[in-house]
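Based on the sequences and whatever the hints tell you, model everything.
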Amino acid sequence: MNGRVMQEPGYGNAELFKQSFREEAKEILTELETTLLELNESHGDTELVGRIFRALHTIKGSGAMFGFERLAAFTHNLETAFDLVRSGRLEPTSELIDLTLSALDQIAAMLEEDAAGATRVDFAACNRILASVQQLAGIQASGETVGTKSEQVPVEAAGSSELNAETRKWRVHFAPGPDLMRFGANPLLLLRELRQLGDCAARAVMDAVPPLGDLDPERCYVQWEIELTTSAGQEAIRDVFIFVEDTCELRIEPASGGSSKAAEAGPPCEADLAARALEEKRGPSPGRRSSDKPDHASSLRVPAAKLDQFVDLVGELVTMQARLSELAVRRDDPEVTAVSEEIERLTAALRESSMNIRMMPIKGTFEKFRRLVHDLARDLQKNVELTIEGADTELDKTVIEQLGDPLMHLIRNSMDHGIEPPEVRAAQGKPSVANIRLSARHAGASVLVSVSDDGRGIDSAAVRRRAVERGLLPVDAELSESQIFALIFQPGFSTAKQVTDVSGRGVGMDVVRQRVENLRGTVEIASKAGQGTSVTLRLPLTMAIIDGLLVAVDNACFVLPLATTLECIELTRDDIAQANGKHIANVRGQIVPYIRLREHFGFQSSPPPLIEQIMLVETTEGRFGFVVDQVLGNCQTVIKSLGRSYRHVETVSGATILGNGTVALILDPERMIKNPVRASKRLPAQSEQKTPRLRGKNGCRK
Amino acid sequence: MTYSIEAWEKIAKESRVSIALSQAGQEGATTRIALGGSIDIGSAAELKVALQEGIARGKEIQVATKEVTDFDVTALQLLWAARRETQNAGLRFTLPPTGVLEESLAELGMEGSSLLAGSSADLAGDTKWARNRGPDVE
Chain A
1 MNGRVMQEPG
11 YGNAELFKQS
21 FREEAKEILT
31 ELETTLLELN
41 ESHGDTELVG
51 RIFRALHTIK
61 GSGAMFGFER
71 LAAFTHNLET
81 AFDLVRSGRL
91 EPTSELIDLT
101 LSALDQIAAM
111 LEEDAAGATR
121 VDFAACNRIL
131 ASVQQLAGIQ
141 ASGETVGTKS
151 EQVPVEAAGS
161 SELNAETRKW
171 RVHFAPGPDL
181 MRFGANPLLL
191 LRELRQLGDC
201 AARAVMDAVP
211 PLGDLDPERC
221 YVQWEIELTT
231 SAGQEAIRDV
241 FIFVEDTCEL
251 RIEPASGGSS
261 KAAEAGPPCE
271 ADLAARALEE
281 KRGPSPGRRS
291 SDKPDHASSL
301 RVPAAKLDQF
311 VDLVGELVTM
321 QARLSELAVR
331 RDDPEVTAVS
341 EEIERLTAAL
351 RESSMNIRMM
361 PIKGTFEKFR
371 RLVHDLARDL
381 QKNVELTIEG
391 ADTELDKTVI
401 EQLGDPLMHL
411 IRNSMDHGIE
421 PPEVRAAQGK
431 PSVANIRLSA
441 RHAGASVLVS
451 VSDDGRGIDS
461 AAVRRRAVER
471 GLLPVDAELS
481 ESQIFALIFQ
491 PGFSTAKQVT
501 DVSGRGVGMD
511 VVRQRVENLR
521 GTVEIASKAG
531 QGTSVTLRLP
541 LTMAIIDGLL
551 VAVDNACFVL
561 PLATTLECIE
571 LTRDDIAQAN
581 GKHIANVRGQ
591 IVPYIRLREH
601 FGFQSSPPPL
611 IEQIMLVETT
621 EGRFGFVVDQ
631 VLGNCQTVIK
641 SLGRSYRHVE
651 TVSGATILGN
661 GTVALILDPE
671 RMIKNPVRAS
681 KRLPAQSEQK
691 TPRLRGKNGC
701 RK
Chain B
1001 MTYSIEAWEK
1011 IAKESRVSIA
1021 LSQAGQEGAT
1031 TRIALGGSID
1041 IGSAAELKVA
1051 LQEGIARGKE
1061 IQVATKEVTD
1071 FDVTALQLLW
1081 AARRETQNAG
1091 LRFTLPPTGV
1101 LEESLAELGM
1111 EGSSLLAGSS
1121 ADLAGDTKWA
1131 RNRGPDVE
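These protein sequences, in sequence, are chains A and B.
So the first sequence is numbered by this note's numbering: it starts at 1 and just counts up by one.
So the second sequence is numbered by this note's numbering: it starts at 1001 and just counts up by one.
Hints are computed from structural coordinates only; laboratory data are not their basis.
Not one of these hints is a red herring.
From the structure, some residues in chain A lie toward chain B, with a derived Cβ separation under 7 Å: (1) 181; (2) 188; (3) 204; (4) 209; (5) 215; (6) 220; (7) 221; (8) 222.
Predicted model only: the values in this text are computed from it and were never measured.
Built from N, CA and C at the ideal position, the CB exists for glycine as well.
Right under this line is the structure:
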């Protein structure tokens, strides 16, 4: 006699499926937000209303499927309201749109709720939103509140507003693919949702179920033939399967006969005819596999961590390939050289591909600011229109991820301080609706991201006055307008309550500069009083690799970013003598200050060469030179972080491993010149600049 | 370790999921599989093994689902495949209907799948087996 007991906690990968839903739902929420804001501009657009309804319906239905009952219950009321809007029984007022936008924030918080019950959901706000939506839409309150996990997902039909509309009989063929169940989907819940659309008769087809021994227990072999009589359209039926479309065969077509008004159902829609034609062309395979659709087949969702790991590995490969190349040169063996060159070619191609994978359009980041502008315009009682240009411009994933905060600060500043109140604009003859333009475009190896407004502009005199008052500037300092504008990035400006007195542009601007510099970028401001301001962020295309010039100083190697390097000129002992010991060089009649890296890093092990090299670089403070012993050549290097121990070293943006295995520091010219510039202008140092002391073989240590 | 049917029932009640296999009848000709909790994709692999073992051992398979709270399609297709297998092999397969089982079959459109054919409700409770047939369970 045998007895065995098995305990299983249910779906082993449930959290994985939930995470997948979270990611998809977040994308839907972002689109939903944009669509709501578009609807706010054009109240009568039925297509937008339809999109909003379907998005809410999808979040509700799929949320319930993946165990987000609270989210599903909360979304239900919004869905009902937009169902009423869809049927013309409710106006899509700004109030309803604002409520829905607020609700989206709570839905986003609900998505992040974890199994332990940790939540950022504001239940009081949820209940207020629910009550207001119900009141607006005339929905009878069911007495439920948000805040307990006992909500039941209402089983009201999606598309219920069409119940009085013409009903039609549809035939649905649904055949789950091999992985449908493993992805956490459950046909039972899909059938339940389908039943909510109308009169539904489902028949399970067991023909494909194999013998018990051959049966994969985690795969669904059952297929369904469903007859659905509903007033909902084909899109609404398809929406039921939206999260499983890629893992099933799905065919939806009007039934040729049957009850209701099937006889009047008309011919299949164009899309179905096209799909059927395609199927016929492909052969006898029944049904339409959604994965055949090019838009689905052409993209793949991969966790960001995996991508980062992949790029890291490619970085390691590049480093090893450089070592191999150097080894091949040393061995002087034609066979080894040939292999090395081939690996170098392949590595370069792989590096290029991996970097391209990291590139993402900036659209997602830009679109999020529509909501910010909408909310701020309402709160500040200003009329502002956001224009987005170049949203398809691609940037490195890391850059995009860190760009959100700086852009938010800039837009807030524009809204708060730059854009005038409507009455002021009217008095100045400006259009009552102000404009904020968010744009992105490529410029060589950089991307320029700008935030521009047509507001009052920066009062440079007031900025200067404030800087002098705060002791940031001597009274007699001679500064160009751009240098005056640069003062608003000083921390003192960002925290002063009176910043708005100096026509604004202070709050958070130091944060903007800090973040952008962390991304190896720069910030430029252009402004005209009364006409507006434009802040441009110049950002590198990628954070992972850098095109640089490899230079040698004493026994150490450094990398200077190629993007900012202008030219290389010789520095002789005579030149140094003529300058009377000052660190300046005469470059075709222009005086250029320079920093001797030997002195900067304290190298003393060998005397400098008779002829040194000045690397001229362009910075926001003008042209500067960096004196090195020798220029070794171009290099495209993978940037390695220096780690926590060196986090305060601001003059170095990272390190790279050279072919011979030694480490070369990647210099940040912009930051290296900050302290000398401050000293020359008698500006207080922003923070203590720490210079790394290098030692060891080749002067380098990791 | 020795379990009685009552002990299984207790385990089934206490556990979220349980699949218990036992032999009964003369020379252990009847294999009983008592299911409890939520029988879904998470327990489908175990259910398949239990059904295969049951078919391999006895002349009759009795599946009790009184303690089951949920079925999903993977569980039901396994039971359906097991039923077909036993029929082909000339064995007897009994799956007494319960409310949850009938409801799940109806929702999945499987009421016409003949899964319950030949089974009667009076066998639904495992306790009855225990009481009437007095199984020894190891």
